[in-house]
Amino acid sequence: MDTAISPALAARAERDDLLTLGVEEEYLLVDAEEPRAAEAVEEVFAELPEELRDGVQHEYYRTQIEVASPPQLELDRLADSLRRLRSEVAAAAERAGVRLVAVGTGPAAGHNARIVDNERYHRMRERFGDLSPGQGMCGTHVHVSIPDPETGVLILNHLRPWLPVLQAATANSPLFAGRDTGYASWRSMMWERWPTVGPTPYLRSHEHYLTLVSDLEASGAMLDEGMLYWYARLSANYPTVEIRMGDVMPSTDDAVLLAALTRALVATLLREVQDGVDAPDVEHPLLMAAHWRAAHDGLEGLNLDMATRETRPAWRLLRQLFDYVRPELERHGDLATATLLMGRLRDHGTGAARQRALLAQGASVDDVVDWLARTTRGIA
Numbered sequence: 001m002d003t004a005i006s007p008a009l010a011a012r013a014e015r016d017d018l019l020t021l022g023v024e025e026e027y028l029l030v031d032a033e034e035p036r037a038a039e040a041v042e043e044v045f046a047e048l049p050e051e052l053r054d055g056v057q058h059e060y061y062r063t064q065i066e067v068a069s070p071p072q073l074e075l076d077r078l079a080d081s082l083r084r085l086r087s088e089v090a091a092a093a094e095r096a097g098v099r100l101v102a103v104g105t106g107p108a109a110g111h112n113a114r115i116v117d118n119e120r121y122h123r124m125r126e127r128f129g130d131l132s133p134g135q136g137m138c139g140t141h142v143h144v145s146i147p148d149p150e151t152g153v154l155i156l157n158h159l160r161p162w163l164p165v166l167q168a169a170t171a172n173s174p175l176f177a178g179r180d181t182g183y184a185s186w187r188s189m190m191w192e193r194w195p196t197v198g199p200t201p202y203l204r205s206h207e208h209y210l211t212l213v214s215d216l217e218a219s220g221a222m223l224d225e226g227m228l229y230w231y232a233r234l235s236a237n238y239p240t241v242e243i244r245m246g247d248v249m250p251s252t253d254d255a256v257l258l259a260a261l262t263r264a265l266v267a268t269l270l271r272e273v274q275d276g277v278d279a280p281d282v283e284h285p286l287l288m289a290a291h292w293r294a295a296h297d298g299l300e301g302l303n304l305d306m307a308t309r310e311t312r313p314a315w316r317l318l319r320q321l322f323d324y325v326r327p328e329l330e331r332h333g334d335l336a337t338a339t340l341l342m343g344r345l346r347d348h349g350t351g352a353a354r355q356r357a358l359l360a361q362g363a364s365v366d367d368v369v370d371w372l373a374r375t376t377r378g379i380a
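Going by my numbering, 176 is the number at position 176 of the sequence shown; the sequence numbering is gapless.
Hints listed in this document are in silico derivations from the structure and should not be mistaken for laboratory results. Among the hints, erroneous ones may be present.
Claimed, not checked - Simulated DEER-style distance windows between Cβ atoms:
#1 G276 - E14: 20 to 28 angstroms
#2 R312 - S214: 35 to 43 angstroms
#3 E94 - T196: 31 to 39 angstroms
#4 L223 - E50: 48 to 56 angstroms
From the three backbone atoms N, C-alpha and C, an ideal C-beta is built for every residue, glycine too.
Turn these sequences into a full structure, and let the hints steer you where they fit.
Here it is, written out as structure tokens:
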């Protein structure tokens, strides 16, 4: 499964003036009978079909596995690809005696996981120590194509005010070690321990971007460009911007909606860049506050309206974003699907809200993990 943009796809995107998109998702492996995480990634890899392996990778811990969809132009093809990846990897996990769960952190109590036996991961562990104890943290990354790095940097500036509400929409880790943390996305709070995690700074140019990357490597805060964990960055491997602040979400529908909104947002901001519109230089502490609010409240609470600096219902801010990008949703052929999926999200809530609703109905953490495993595979 090729995860690079082919020349033919790039030519078609340029001809039709459309942006490609792709999604990476990280999942947790849990025991077949108990809700605790299971260090079984190598066993799962051994059960994967050969044709799928190029799209599946290791993550930092032995309790995690990551998939990457091929880049697409059509949203339905992206959805089909993600469903196939989830189904095939879940089936491989079951053959290995474990379950695949799309959740931001380990909901149940368990031992701290060991890292994958990889030279780079060992170097990270040696340099940064026990920054992220637990069973693994699992996120979603959306890649959207850009014409060139200089334009990509300007798009990163324009993205900054919009990312907190998208983060709120992905919240899917309220439980950790068997209890409700009080946050909709506890993964976000754990993830922020790493020194380069946070909102993308306001960038003057692509040269400024490269200088910051070089300076951060020289400082020791990251080993290489792959550890640039800003919430949006230029991909080191593909001609894309990579939006990466969200939890992995329980269902394919959730991921497809995020992908559709993200592509439409990037396309809308690309038009603004081409029209010479300056990005708002939102103060970094205000962005940090908005991302903290997204992690705490999710979509069911409040967040900051960056235009007015007032708190407003996060759902209303997401609706505002939807209306803002509607022309690009329509131009890319995504409006009908995105409208349907927005309705489902409004009816059912985020993954965090759905987990808490189960607990409120008397379910146990075991029951929540069972529901997550079924939803990940698309059978809930």
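Okay, which hints does this one fail, numbers in order?
4
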